[in-house]
Amino acid sequence: MDRTFNIIIAGVGGQGILTASEILAKVAMEVGLDAKKSEVHGMSQRGGSVVSHVRFGKKVYSPLVEKGACDIILSFEKSEALRWVHYLKEEGGKVIINDLEIIPTTVSLKLDTYPTNVEEQIRDKAKAEVILVPATDLARQAGDARTANTVLLGVISNFLPFEDKVWEKVISDNVKKETIEVNLKAFYLGKNYYKK
Amino acid sequence: MGKKELLSGNEAIARGAWEAGVRVATAYPGTPSTEILENVAKYKEIYAEWSTNEKVAFEVAFGSAIAGARSMTSMKHVGLNVAADPLFTSSYTGINAGFVIVTCDDPGMHSSQNEQDNRRYAKFAKLPLIEPSDSQEAKDFFKEAFKISEMFDTPVLFRMTTRLSHSKTVVELGEREEVPLKDYVKDFRKYVILPSNAKVRHYVVEERLKKLQEFASQTSLNRIEEGDPSLGIVTSGISYQYAKEVFPQATFLKLGMSYPFPVDLFKKFASMVKRIIVIEENEPFLEEEIKILGYTEVEGKKYIPLCDELSPEVVRKGVLGAELPHPEPLKSVARPPVFCAGCPHTGIFYNLWRLKATVTGDIGCYTLGALPPYESIDTTICMGAGITNAFGFELARGKDFSKKLFGVIGDSTFLHTGIPGLIDIVYNKGITKIIILDNRITAMTGHQDHPGTGRTAKGEPTKAVDIKEIVKACGVEKIYEVDPHNLRGTRDVLKEVMELDEPAVIISKRPCALLPEERKKQAARPKRKVNPDVCRGEKCMGCIKLGCPAISMKDGKAYISELLCVGCDLCIQVCPFGAIS
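These protein sequences, in sequence, are chains A and B.
Just so you know, numbering that gives the first Met the number 0 puts the end of the first sequence at 195, numbered straight through with nothing missing.
Just so you know, numbering that gives the first Met the number 0 puts the end of the second sequence at 580, numbered straight through with nothing missing.
Be aware that a few hints might be false.
[As the list claims (entries may be wrong)] The calculated lysine to aspartate or glutamate pairs, modelled on DMTMM-like cross-linking and capped at a C-alpha distance of 20 angstroms, are:
id: 1; chain 1: B; residue 1: K2; chain 2: A; residue 2: E29
id: 2; chain 1: B; residue 1: K519; chain 2: A; residue 2: D143
id: 3; chain 1: B; residue 1: K477; chain 2: B; residue 2: D423
id: 4; chain 1: A; residue 1: K168; chain 2: B; residue 2: E4
id: 5; chain 1: A; residue 1: K124; chain 2: B; residue 2: E4
id: 6; chain 1: B; residue 1: K556; chain 2: B; residue 2: D532
id: 7; chain 1: B; residue 1: K3; chain 2: A; residue 2: E119
id: 8; chain 1: B; residue 1: K330; chain 2: A; residue 2: D111
id: 9; chain 1: B; residue 1: K544; chain 2: A; residue 2: E29
id: 10; chain 1: A; residue 1: K126; chain 2: B; residue 2: D532
id: 11; chain 1: B; residue 1: K330; chain 2: A; residue 2: D1
id: 12; chain 1: A; residue 1: K109; chain 2: B; residue 2: E537
id: 13; chain 1: B; residue 1: K142; chain 2: B; residue 2: D116
id: 14; chain 1: B; residue 1: K556; chain 2: A; residue 2: E100
id: 15; chain 1: B; residue 1: K2; chain 2: A; residue 2: E90
id: 16; chain 1: A; residue 1: K58; chain 2: B; residue 2: D423
id: 17; chain 1: A; residue 1: K88; chain 2: B; residue 2: E517
id: 18; chain 1: A; residue 1: K93; chain 2: A; residue 2: E119
id: 19; chain 1: A; residue 1: K109; chain 2: B; residue 2: E374
id: 20; chain 1: B; residue 1: K3; chain 2: A; residue 2: E29
id: 21; chain 1: A; residue 1: K57; chain 2: B; residue 2: E4
id: 22; chain 1: B; residue 1: K538; chain 2: A; residue 2: D33
[To be verified] Only part of the chain A face toward chain B is listed, based on derived beta-carbon distances under 8 angstroms:
id: 23; residue: G67
id: 24; residue: A68
id: 25; residue: E79
id: 26; residue: L108
id: 27; residue: V165
id: 28; residue: K168
Hints listed in this document are in silico derivations from the structure and should not be mistaken for laboratory results.
Where a beta carbon is used, it is the ideal one built from N, C-alpha and C, also for glycine.
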């Protein structure tokens, strides 16, 4: 593989973003690629926006995706996808969005408004392909609503050059033993959701 | 070839410490440095402690180094300010066994109160400075740092930044080298820094610096990467990665040991290239060293911003004047950090907001009390200042003003640097009132133990210091304990102490809502629900003003998220219409 993949995973603190980005980077590492991922801990965790950059290829320098170079945004929450669209490539970018809205207190206090028409905005203004995924529903179907992050990994796996058995191995190595089965189920529900 | 793992810079340092034969490691938690000691503590061969503060951490580890054990201490950038006193003198005494100080700077201030560039400490204290640029280097250079420390009889400053500490990159692991304890020989002229000895030692420091300067041009930590001679880039740390991304063809002077500046190596590099640009985050540290040598045509901060964090696009825009083509930004919603559902601080700041008190704050999760909906913190400066700033307000504005004045500080922070401030108030006849937010953990940095929790960094049970007894011993006679989730009871106590003509301390006692024991209790409680027929919605907003992330407005009525609610009863207490159950 000659090219470098640039992926941004976004969401809200507590949604399992760091676990997902860890699995993605380790999948790349498992097949012998150089991989880097970057995120920030600390104050930004407390219910705030969380973002993780994942890059892999033959040789990766910056752990941060450069603005204008992102191939895929994987957003665990609807409005969080908007925050990063300008990091996408000018053409051919993809945005996978969990169909979930988390309303910040500032919106309830009427200090801010929650964005509408997220899908249309991204499609029309950023010219990116948008894939809306009912990840929480699919996760529930898999047996645990908390596996929404694995569902989303399943969706993104359709666009990445890794075999299923590699995903299976890395997922199994990185989740609690008793949740391996439900996570693998969630992964395939996500993978097949897009295929359908 | 060794086994490969995906490690954060902080995890890599911990591994490097283990491989380097480190015996003693100390730290005080602080983002982005915390995970270093957390991971060091997992190695049975290394003694690891959460120290009371950074000065204590420094001195404990330094004592071990003098006594013959390879030792390390780690802290965030502002933590090194607290430890600056021993830092400067440790340079004079030198070490016995290797001693490495890790400073984790926070360009971009993701979780910090300033953007100080601690490379300047190396020059100020005349210490060698090491800057890795990924996790592999963090591990390898950390081992090298101990060799340099012992070779030159000097503490070594090891500088990380947030992007290095918290990025994960591939690391090839090595094995532990057992380093025996060095002999300890009493040496009055070296370790007792009386003025007569210090005078002699200063000459030693200056001589050492000259030798280190020569070494900097020879060490493998510094290298020239030959490329296109039309552009030469001088860089270090994470900036190297961004520069390589944007200018893969250029010739690089890549510095892993950036102070003392490798003069000879630089001169060689300068003779190879037509144009030189220095790419570094924050201060023009390398640029100044180069310009002092007379290379005034070298450029750096002319293109690279001094403020905020670098990134590939900032480097590209700075030097080339343009970014990669990209879509226009779209507007999202601001999502500032908030108190968690069930957070004990909610009860305190809700009440302070209602009382319209003047509040001097401190460093911790509770700093969020400065944001909407409470907006009830007036100042936040540094660890310990919640107490001392309040007393300063009292002195400036008088005792009447001070009735509605509170200093707030967390439990770990109180033990860190709060105690001297409290003694100061009592000793100097103040009446300032202090609230200690005792949530039984160092919460902000991700739940580290402290001297009040009864557990060590290794998870072993230990004696827990009693905050109330400390307050008493400071000379405070009016001490109150409240449960912050009892809103009325807490408000009554706040009102009562406001009338006192003497200092008072309120200890707000409730564990952090994210602690495992608390989570178990939460799971057993029913989730709260709003009865929309009773709720007055936007006419009231009483529960919204709690600032609980589980509560929002939906279709004109209050709504509690089942996913986020932890079943505390704060919202029930504030609803004037009994709409929540």
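Verification of the hints:
no., hint, result
1, K2(B) with E29(A), "holds, 12 angstroms"
2, K519(B) with D143(A), "holds, 19 angstroms"
3, K477(B) with D423(B), "holds, 16 angstroms"
4, K168(A) with E4(B), "holds, 15 angstroms"
5, K124(A) with E4(B), "violated, 40 angstroms"
6, K556(B) with D532(B), "holds, 9 angstroms"
7, K3(B) with E119(A), "violated, 43 angstroms"
8, K330(B) with D111(A), "holds, 11 angstroms"
9, K544(B) with E29(A), "violated, 49 angstroms"
10, K126(A) with D532(B), "violated, 44 angstroms"
11, K330(B) with D1(A), "violated, 34 angstroms"
12, K109(A) with E537(B), "holds, 10 angstroms"
13, K142(B) with D116(B), "violated, 23 angstroms"
14, K556(B) with E100(A), "holds, 17 angstroms"
15, K2(B) with E90(A), "violated, 39 angstroms"
16, K58(A) with D423(B), "violated, 57 angstroms"
17, K88(A) with E517(B), "violated, 45 angstroms"
18, K93(A) with E119(A), "holds, 13 angstroms"
19, K109(A) with E374(B), "holds, 16 angstroms"
20, K3(B) with E29(A), "holds, 10 angstroms"
21, K57(A) with E4(B), "holds, 16 angstroms"
22, K538(B) with D33(A), "violated, 57 angstroms"
23, G67, "holds, 3 angstroms"
24, A68, "holds, 6 angstroms"
25, E79, "holds, 7 angstroms"
26, L108, "holds, 6 angstroms"
27, V165, "violated, 14 angstroms"
28, K168, "violated, 14 angstroms"
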